[in-house]
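Colleague: As a plain string of letters, each chain reads:
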Amino acid sequence: MLRYCFAVLLLCISSVSYSAIDTYEFSDEANRARFQVLAAELRCPKCQNQNIADSNSPIAEDLRFELHRMLETGADDDQIVDFMVTRYGEFVLYRPRMSAQTYLLWYGPAALLILGIVVVLVVSGKRKSGNKKDSATGLSEQEKQRLDHLLKQDQDK
Amino acid sequence: MRRLIVLLPLFLCIALGLFLWNGIGKDTQSIPSPLLDKPVPEFSLTSLYNEQRFLTQEDLKGRPALLNVWATWCPTCKQEHAQLNRIAQDEGVVIYGINYKDDRAKAKIWLEKYLDPYALNIFDPEGKLGLDLGVYGAPETYLLDAQGVIRYKHIGAVDERVWAQLKEKMQQLEVN
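Same order as they appear, the protein sequences are chains A and B.
First residue of the first sequence: 1, per UniProt numbering; consecutive thereafter.
First residue of the second sequence: 1, per UniProt numbering; consecutive thereafter.
Keep in mind that the hints are not guaranteed to be accurate.
[Said to hold, decoys possible] Below, simulated SDA-like cross-link-like pairs (lysine to any residue); rule was C-alpha separation at most 20 Å, straight line:
| # | chain 1 | residue 1 | chain 2 | residue 2 |
| --- | --- | --- | --- | --- |
| 1 | B | Lys61 | B | Val175 |
| 2 | B | Lys128 | A | Asp82 |
| 3 | B | Lys128 | A | Glu61 |
| 4 | B | Lys26 | A | Gln48 |
| 5 | B | Lys128 | A | Phe65 |
| 6 | A | Lys46 | B | Pro75 |
| 7 | A | Lys46 | B | Asp132 |
| 8 | B | Lys108 | B | Ser47 |
| 9 | A | Lys46 | B | Pro34 |
[Claimed, not checked] With beta-carbon atoms standing in for the labels, derived distance ranges:
| # | chain 1 | residue 1 | chain 2 | residue 2 | range |
| --- | --- | --- | --- | --- | --- |
| 10 | A | Tyr24 | B | Cys13 | 22 to 32 Å |
| 11 | B | Pro125 | A | Glu29 | 55 to 65 Å |
| 12 | A | Phe6 | B | Pro41 | 51 to 61 Å |
| 13 | A | Trp106 | B | Leu115 | 30 to 40 Å |
| 14 | B | Gln83 | A | Glu29 | 49 to 59 Å |
| 15 | B | Pro75 | A | Met98 | 36 to 46 Å |
[Said to hold, decoys possible] Calculated Cβ distances over 12 Å to all of chain A for the following chain B residues:
| # | residue |
| --- | --- |
| 16 | Leu18 |
| 17 | Ile24 |
| 18 | Asn85 |
| 19 | Glu91 |
| 20 | Lys108 |
| 21 | Trp110 |
| 22 | Ala157 |
| 23 | Arg161 |
| 24 | Val162 |
Keep in mind the hints are simulated off the structure, nothing from the lab.
Note that the Cβ used here is the ideal one computed from N, Cα and C, for glycine as well.
Can you build the whole structure from these sequences, using the hints too?
Modeller: Here it is, written out as C-alpha cells:
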C-alpha cells in the first residue's frame, strides 16, 4: 500500500516538472537540446527572476513558442538571441554578452583578484625586508628547531 | 602614505555602501526598452472594427501620439481607461490602441461600455506586434513622434502623474 502511494506521488511530481517543456515536438534531438539550453539562458521579462523555461507567465509562453518556431525554421543561436535582444534588451540574457558595457562585469572579478594578489605581495614583501630574521621561511633558529621537532613527532606515528 | 593604505578598506566599504544605497527604491520592474528612438516595427494587422481594413506603421505617422497596448483581460487597462478617455476628449491627444491578445467581439463590447478613446484600434490577437514591440505586460504606453518613432515607453497604468510626464515630453516633440 505504502509503495503504491509512493508511486502515485512520484507520478505527480514528474508531470509537474516537465509540463513547461514537453509540449513541443522537435524535428531532431539536437534542436530539443538547444531549446532547453536557450530556454534556460533567456530571462523572462515579466517575472525577472525566472528563465523562460521555468516561468508560467503568458509572455514566457510566447517566447518559448517563438524560440521553438525559430529553431525549427533553422535559425542559429545568435539569430535567436539577437531576436530576443532587439525586442526585450540585454536584460533577457542571463549570460551577458561581451561589450564595452559588460567588460567590468566579465573582467572585474579577475582584476580584483590580481589587485588583491599584488597588494598581498607588496605588503608581505615590505614586511620581510623590514624583518631581521630574513630567511626564506621567515622563522628564527629557535622557531625552526621547534618546528622540526614537532614535524618529527608526527612522523613517528 | 601608510595610514592611507590602512584606511583604504574603509573607503572601499563606503564606496560600496553608496553604490548599494543608490539602488534602494529604484524601479526594478520596468526594463529600458531597446526600441527607444527607433521607428515602430513594421506590421500589417486588421482594424478592430473592420476586418477588411489593414493598418500598418504608416497609419501611425503625422502627429505625435500615444500608442496604448490594452486588452479586456487586463484589469489595469480598465483602471487607466477613464484617464485615456479624458486625455483624448478634453486635451485632443491622438491615442492609437493595440488590442493585444484579445477577442474581437469582447473588445468591441468593452469599448462600447467604457467608451473608445482610440483614433485607430489595431487588432493583434496573436500578440505579433506586441512581441516586436517588446510588450511583456499590458498596459504599456508608447510615445510616438510625428514620424512614428518611439520616444518613450511607460509600463503600467497611465495615471495623473504619468500623464503629466508624458504630456511634457509630448509638448517637447510638438515644438521640435
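Colleague: Which hint numbers doesn't this structure obey?
Modeller: The structure breaks hints 10, 11, 13; every other hint is satisfied.
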